[in-house]
Amino acid sequence: MMYFSRLKTALVVGACLLGVLLCVPNLAKAPAAFLPWRQIRLGLDLRGGSYLLMQIDMGSVIKERLQAIGDATRTGLRKGEIAFSGLALDPAHNELHLHIRDADQIPAALKIANDELDSTATTPEFTVSAGDNNEVTITLTDGGIRARELAIMEQSTDIVRRRIDATGVIDPEITPQGDDRIVVQLPGVSDPNAIKQLLGRTAKMTFRMVDEDASTTAAAPPDADILPMADDPSQKIAVYKQVDVDGGDLTDAEASQDTQTGEWDVNLRFDATGSREFADISGANVGKRFAVVLDNQVIEAPVFREAIPDGVGQITGGFTVSSATNLALLLRAGALPAPLTVVEERTVGPELGADSIRAGALSLLVGFLLVVFFMAAFYGLFGWFANIALVANLLLMMGILSVFQATLTLPGMAGILLTLGMAVDANILINERIREEVRNGKKPIQAMQTGFERAYSTIFDSNITALLAHVMLFAFGTGPVRGFALTISVGIGTTLFTATLVARLLMVRWYAATRPTVLPV
Amino acid sequence: MFIRPLFRLVPDGTKIKFMRGRFIGLAVSALLSTLSVILFFYPGLDLGLDFKGGIVLEVRTPGPADFNLIRKSLAAKGVANAEVQRFGADNEVLVKIESQKTEAATQSTIDTARATLIASAPGTKVLEADAVGASVSSELFRKGLLALGISLAMILVYIWFRFEWEFAVGAVATLILDVTKTIGFLVITRLQFDLVMVAAILTIIGYSTNDKVVVYDRMRENLRKYKTMPLRELIDLSINETLSRTIATSSTVFLAALPLALFGGASLSAFALTMLFGIVVGTTSSIFIAAPILLLLGEHRLRRDIAPPKPAARKK
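Protein sequence lines correspond, in order, to chains A and B. Quick note on numbering: the working numbering labels position 208 of the first sequence as 208, and the sequence is numbered without any gaps. Quick note on numbering: the working numbering labels position 216 of the second sequence as 216, and the sequence is numbered without any gaps.
Keep in mind that the hints are not guaranteed to be accurate.
[To be verified] As a list, the in silico DSS-like pairs of lysine-lysine whose alpha-carbon atoms are at most 30 Å apart: (1) K227(B) to K204(A); (2) K227(B) to K17(B); (3) K442(A) to K17(B); (4) K227(B) to K442(A); (5) K204(A) to K288(A); (6) K15(B) to K442(A); (7) K442(A) to K225(B); (8) K8(A) to K288(A); (9) K143(B) to K96(B).
[Unchecked claim] Just some of the chain B residues that point at chain A, by a computed CB distance under 8 Å: (10) I3; (11) P122; (12) V126; (13) A131; (14) G133; (15) I155; (16) T209; (17) L237; (18) E241; (19) L260.
Because the hints were derived from the structure by calculation, they are not lab data. The beta-carbon is built from N, C-alpha and C at its ideal position, and this holds for glycine as well.
For reference, chain A alone in the conformation it holds in the complex (with noise of 0.2 Å):
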């Protein structure tokens, strides 16, 4: 116990060391490129910015797929010529409910549901079964929703950081969480409306023919849409419902002003497919009207003049330079598969942020210094070896937050400073042990001896129990608090190794260098 060897003091110190070295990259940029420099981060707490949690609206792709599905069941069994009736929808149970006239045709319904509907996934997405009075019901499988979503989660996490790249926002972090949502961090960003906005629209856009038959004021064909002007709601207009090019097949979208008339439009160029489907129903229909539809509303709705082969199209409807700019930039990212809501914000403003940061310096080195005082004066010598065992702790925990590149949060600094209070207990363990021997009449050297060996099963009880408590609030806390929980944990951690092993290195050392007969507790 009382013994290092020369390769066992070379390890603890070169373990210090290598915490000095890992802080090193905190102090200044990387003065080269190819160094491994990590830096412990600022949370949005301390460096002001944007925190915002989006939850992407599942409920609604269900439902799109439901009616997709009803769809799809009706032509196939208006096909094959089966009578049936009362086709709804129950999105709350994944179904979809309908009822066949004549009992022997059930096995053929059945049959062309399944052709119809027949998808190509591995996991079946959907099940048809026939139940009492005629009834046939479509469900959406477990496994197909689940696949769906995650898709959909994939995509849009996608498509948010698209948006958001195109704003210029520097650093934003865009992190999936659970199921259904989204994280979005904006660095810098105190006013947050802007980009709330261009997230809170899926940009969804279709290019669609003008239903000239259809009346605007009574109900909508079932092959149409009635649908409001994006500039002027009360105006509506019968669409049908058959998308004729669709906005993804998209390659550029960009705003520019018109030279003659001052007006702002977004120009358009497709790819491939979309100029090959624009040239086709152009040229079918030259002279009738059609509409640019964006999130169910109509943008404009022009007349084809002529046939446009080439796949470049314009986009104008009464915009102004940001609105034109913008819509531009969500067509370039692509539509949201689903909508998202933010469910969460907090903003913090970068006074807050700087505010933080010297409250939290002030308190952990006024804390600091409070400890280390205590510590000199109530075990004196011993105190001050575990002062420096203290200091070997910090450099540790910054060395090891470092490495992994951990979010420094308001919350973190107070972990680190608690760190600091509960690590000296167990300096203060093995000083009392020690001065218990003494008391007991024990030699210096096996005073010590017996001291650290005592105290060892304690210290690692004590620790043990409270990395417990902190292990579970890093599991179920959420942001600054995770924080807290992280530096805490790291930080017993650090102790467990420099409380003992450091501090009793030194008195070692001490020892061997000064033979004292008597130990100064």
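We have chain A already, so just place chain B on it with the hints.
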């Protein structure tokens, strides 16, 4: 100070008979905890934004803030029931708005409120703007309670595993008493109960357990060492032997948390005040609650379990 210790907080070889006060300790603790539980139901905790949902904005105006103007302009923009108050300096304004019916309404309200506040006086800076929707707040609350429950369960299992079940039950019962008192403290001080407070309570649990484990550890050791000493004397002896350490450690943790309470800013000082309270409760409860519970539970059992009796009896 550099070689010899300057002072001692506890003289050597104290022989305080703590267990004499065991019924008083338990009774006072039970009373305080019962009162806290009553306070928890009425008037109840002041739930913060994290758990209640809603909107909180903090702004700093260039000159002294005109609170009436801010109230009026918010009302004019349709932001109803906004609570506008001063916090800290006279140019710092805190605006609280209750949870809205839908997430979309919450979002439009915070955007309107932010714009209104910035427009109310040129040069106004938004220090902080938070909006928490109803679904998120209930989820955060559930997760917070879950973290508390699981930590207690894990501590119970760990101590059971490392010591005897009497120790584990004593520790967890004491922890529950500590937590209820902390909640009573929060109700009385009207400190807001939010995620940071859950962190504070978990830290108190961690600290308090740590303290109990140290005392228990000494009891376990003494049980082996003094095979014939009555449990009551043995517990007193163990507490006296660890007293200096108990006071030293609670002092260092107290000293570390103190600057946070003084300079840590609004949210951290509430956290640190709760911690300071918890340190006092956690330290005293090791002596006056955990030890008496152990004495009651283990009066006859622990002696039989641990002291190895005659060799013949050891073979089962």
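| message | Tell me the hint numbers this structure goes against, listed in increasing order. | response | Violated hints: 1, 8, 11, 17; rest satisfied.
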